[in-house]
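One line per chain: the protein sequences are A, B and C, in this order.
Residue numbers for the first sequence follow this note's numbering, beginning at 1 and rising by one.
Residue numbers for the second sequence follow this note's numbering, beginning at 1 and rising by one.
Residue numbers for the third sequence follow this note's numbering, beginning at 1 and rising by one.
Keep in mind that the hints were calculated from the coordinates and are not lab data.
Hints may contain errors.
[Unchecked claim] Only part of the chain B face toward chain A is listed, based on derived beta-carbon distances under 8 Å:
(1) Ala25
(2) Leu26
(3) Tyr29
(4) Leu73
(5) Gly99
[Claimed, not checked] A few chain B positions that, by computed beta-carbon distances, are all more than 12 Å from chain A:
(6) Ala17
(7) Leu79
(8) Arg83
Cβ atoms here follow ideal geometry from the backbone N, Cα and C, with glycine treated the same way.
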Amino acid sequence: MIARHLKHRGSALWLAAIVHRLSGLALAAFLPLHFLALGLAIEGEARLEDFLRWTDRPLVKFAEVALVFLFTVHLLGGLRILVIENLDWREGQKQLAALAAAVSAIVAFVFLVRVF
Amino acid sequence: MNVRLYIWQRATAAIMAPLVLVHIALIFYATRQGLSAADVLSRTRGSIAWAAFYGIFVAAVSIHAAIGVRNVLHEWTPLTERRAGFCAIAFGLLLAALGARAVAAVVLP
Amino acid sequence: MHSELSVSLWRGGEDGRYETYSVPQRENQTVLDVVTFVQRHVDPTLSYRFACRVGVCGSCAMTVNGKPRWTCRTHVAKVAHGGRLEIGPLENLPVIKDLATDMRVFFEKWQEAKGVFAPTKTRHDAIAQIRPDTPARIAADAAIECINCGICYSACDTVRWNDDYFGPAALTRAWTLVNDERDGGNTARLQAIAGSGGCHACHSHQSCQQLCPQSLNPTAAIAGLKRRTVAAYLNGEITA
């Protein structure tokens, strides 16, 4: 109805909050799979090794790059929130949010380069 | 959300911040070295340090993710706060169980 | 500058629609001037609120091209790109008619958050000597100039997503009272804002802080309340 016209939602800080929330959801969805994969070690080294070889495929590696980005951006966004909530107010919030995104992208990019 | 859940969520976040940094460093190290399953497990099996590190990590993330999911369910779905809380507890228990199993899988000799 | 503005105004209640009007554009024209023009010269059935017209009362707040603003302090030239304006009632509040909203829930939440001064003295006591330069008074003064216009409440996503949430204005007022050494109601106040719908629901999106026409900072006030409620909970003063 009217709500679709709220343009301020394009603001950098709103976007940072949405990225933080969505990255958290994605990580929450990923974690059970991650734990199940590690649990393969119960069936022996060979079973885990088979799985690790499966993750060598390019598509999986791209997914891992995305995960590294999501993980890092969630951490850095979370640190920004902890700073807002526990230290004195500081200006430059938009810059901090942009910095968090940029550093996460760089970390993910470095990971990308190393795995390919 | 209330003050008690808030404290648990922020405290587990603070606890995990250094753990996450170590974990990311490990991811880079393991992928760079091309570690095989045997390489990884030879480092983790029988290690009290890794058991403690990942044990704490699993406990903290189970609480942190559950509270986060609770908020999202309450704000973005029609679920009442109470129902969102139940779903969140279930999810938290799932993470704790699977996580403890994963830690045991790599740490137990 | 276009000679005519194309102005879409929300007409009706919750299930109304936008209707478009043509309004002559002038130099130094505010959005309130535009709405007033429509009501006086085009359609007298248009309902809207205003009072002072000079940016001190907060009555004329509406959603202008997607953002909640004081229409009397919004120059058309700054917002009417391509000669178009879209004006609707404030978000997150029930629509009474056209551009007027029902602000009762906004004020009810103010009461629930205990944004009300709890006196500790009577007229027979000496006047409290409040120094203006203590950290607490500086914090209170930085947050005190709220005139209840509803812009922050309307801008807040958490208000939209969470019916229980008190909102930035009520919590900012609670913060000024938490910092007021004359006030005697802090335990009850901290208890009120430590539960569901209280300060911990805030996600620090900061739309409130960015849009407040009085340059208040509810995000910072709420962060302060988070610290105070945590301390009060940990030392047993309040319960969850």
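Here is how each hint holds up against the structure:
The criterion of a C-beta within 8 Å of any C-beta in chain A is not met by Ala25(B), whose closest approach is roughly 11 Å, and the hint is violated. Here the hint on Leu26(B) is broken, as its CB sits about 12 Å from the closest CB of chain A, past 8 Å. Given hint, Tyr29(B) at the interface with chain A, is violated; its Cβ is 10 Å from that chain's nearest Cβ, farther than 8 Å. Annotation: interface hint on Leu73(B) violated; nearest CB of chain A at approximately 10 Å, more than 8 Å.
For Gly99(B), the shortest C-beta to C-beta distance to chain A is roughly 5 Å, which falls under 8 Å, so the interface hint holds. Ala17(B), annotated as away from the interface, has a beta carbon of chain A within 12 Å; the closest lies near 6 Å. Chain A leaves Leu79(B) outside its interface by the beta-carbon criterion, the shortest separation being 15 Å against a cut-off of 12 Å. Once the 12 Å rule is applied to beta carbons, Arg83(B) is consistent with being away from chain A; the minimum gap is 18 Å.
Taken one by one, the earlier hints fail for this structure at numbers 1, 2, 3, 4, 6, listed in ascending order.
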